[in-house]
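K.L.:
Spelled out from the first residue to the last, the chains are:
Number of protein chains: 2
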Amino acid sequence: MSDMRSLWRVGPDVDLGAIDPRSTPGLPGRKVTGDDPKLWARAEVERIGAELATQQEMLFAQATVEPQLGRSVLLVLQAMDCGGKDGAIKRVAGTMDPLGLQIKAFGPPTPEELQHDFLWRIRKALPPAGYVGVFNRSHYEDVLVVRVNELAPESVWRPRYKKINDFERKLAGAGTTVVKVMLHISRAEQRERLMQRLVNPDKHWKFNPADLDARAKWDDYQAAYTEALATCNTDDAPWYVLPADRKWYRDWALAHLLRATFTDLKLTYPQADYDVTAQRSRLEADG
Amino acid sequence: MSDMRSLWRVGPDVDLGAIDPRSTPGLPGRKVTGDDPKLWARAEVERIGAELATQQEMLFAQATVEPQLGRSVLLVLQAMDCGGKDGAIKRVAGTMDPLGLQIKAFGPPTPEELQHDFLWRIRKALPPAGYVGVFNRSHYEDVLVVRVNELAPESVWRPRYKKINDFERKLAGAGTTVVKVMLHISRAEQRERLMQRLVNPDKHWKFNPADLDARAKWDDYQAAYTEALATCNTDDAPWYVLPADRKWYRDWALAHLLRATFTDLKLTYPQADYDVTAQRSRLEADG
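For the protein sequence lines, the chains are X and B, in the order given.
Residues 1 to 287 (this note's numbering) are what the first sequence spells out, left to right.
Residues 1001 to 1287 (this note's numbering) are what the second sequence spells out, left to right.
Think of the hints as simulated: they come from the structure by calculation, not from any bench.
Among the hints, erroneous ones may be present.
Unchecked claim - The calculated DSS-like cross-link candidates involving lysine-lysine, where the alpha carbons are at most 30 Å apart (straight line), are: (1) X:104 x B:1170; (2) X:162 x X:203; (3) B:1090 x X:203.
Please read these numbers as outputs of a predicted model, since none were measured by experiment.
Just chain X, same shape as in the assembly (with noise of 0.2 Å):
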């Protein structure tokens, strides 16, 4: 399977309303997915899952022989609400070990926060060496709801771009892969989700009337993620727009992203950092 990352990488002249939310590039035609794409991909999901798993056990295994050798990987999640990343997280970074995933969700800052640079508790949540990061939004929300709400002045988000992309730099050059993934949902899709949570009682939680704010503001937000997208996507942290209303199609994407970054790892099992016969004698020597 070729590299299938450049149908999602953007470029700096990225255009949010030329990308079909409901678009399914990539795809295979009907005669490889049969007459349901949706039951197709769900079975890709799961099987990508898996070598997703292993590809996580090969990274955690490096980690633990040599620690400072080890590398990990940086899912940066973003989208509008209902955009699809709870879900995205449940069914794709699912299908890896718990044990070797470490998921952060990043809300409104708290007052401690706040009286700390931004990057602050972005740094206190990166994944340790032989860890898969996710981040449930992120640093970017400072480049977004902060721009669009206006909760700090200009001069306070616009040298953003730059510290983001030198921090992000700094993470890549000290062994962490960081992958940035937008969730790219319509505006009548967001309507129709949120109406599914207005409707049923089960997910009433879900809603937020904030979330009504924000819709509100739509297009101011179409326009930050876009500046956030062009200044942002460096080959150190490649941004990628995932067409999101189809949620198997968002699902079957992100597992495919994954495995890409995965393969560029070259990962391996390590080598015993031990005498293997030794310790088999040692072993066979005791009942």
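Put chain B on the given structure of chain X with help from the hints.
P.N.:
Relative to chain X, chain B alone:
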């Protein structure tokens, strides 16, 4: 299904030697399981796992709506090397949403951790309201390996039993349901599993020569476990011993144990803390 926890709950006179690690208490007969209890148990873990995932979501939802009333669940897993902690986490905790899991593995304490009370690093790793925490090893190592290897004098470790009981009682009082599980394997099964790690190069990284040193002190460890089980077995934080030579039984038993624990919490999805009708109208007015 009646509460099966009594099958595994220890008493004050717990005797590990009298619990057969290959036994399968509570397992239905062949009329129910069919000819392959292993296959049946795996399917049951999937089925019960789906219930655990729903319970976990309700726990998370309640803490989202009312953080100060939110509860958490903490599963403490202890075992001899190769006892199956990692496998149990993967197969049973892995049925839940990774978003709501907080898994923490405790290794030998760092120099910084040693400068603090033994519970310092434990407190830092407690699950927040709404989360299911899993401790892969725990503060019990401070009365197990520390005692067996004489890493501290008895005047240090002996008072820890009481400190642990105090700590766990306060945890329970603060809304954390504590479930402590020892995965109980036989010396012969440990030998088999260690050998697998030495024979299969992909598993070499899981083996550590120190594992054989610990194995040489098997009886001392069993004695230390027995005292911890007997002394720190409170209604606030009960100890369970699961026969664990058969991995499929271990997982099946743990799934039942967790489900019974959740059932006690009588969780439901929380009521909305906003006016649902008003929010629906607002969304409907917004194309």
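K.L.:
Please work out if residue 162 of chain X and residue 203 of chain X have their alpha carbons no farther apart than 30 Å.
P.N.:
Distance ~39 Å between residue 162 of chain X and residue 203 of chain X Cα, so the pair is violated.
K.L.:
Run the distance test for residue 1090 of chain B versus residue 203 of chain X: straight-line Cα separation, threshold 30 Å.
P.N.:
27 Å, holds
K.L.:
Holds or violated: residue 104 of chain X with residue 1170 of chain B, Cα cutoff 30 Å?
P.N.:
26 Å, holds
In summary, the structure is inconsistent with hint 2 from the numbered list given earlier, while agreeing with all the others.
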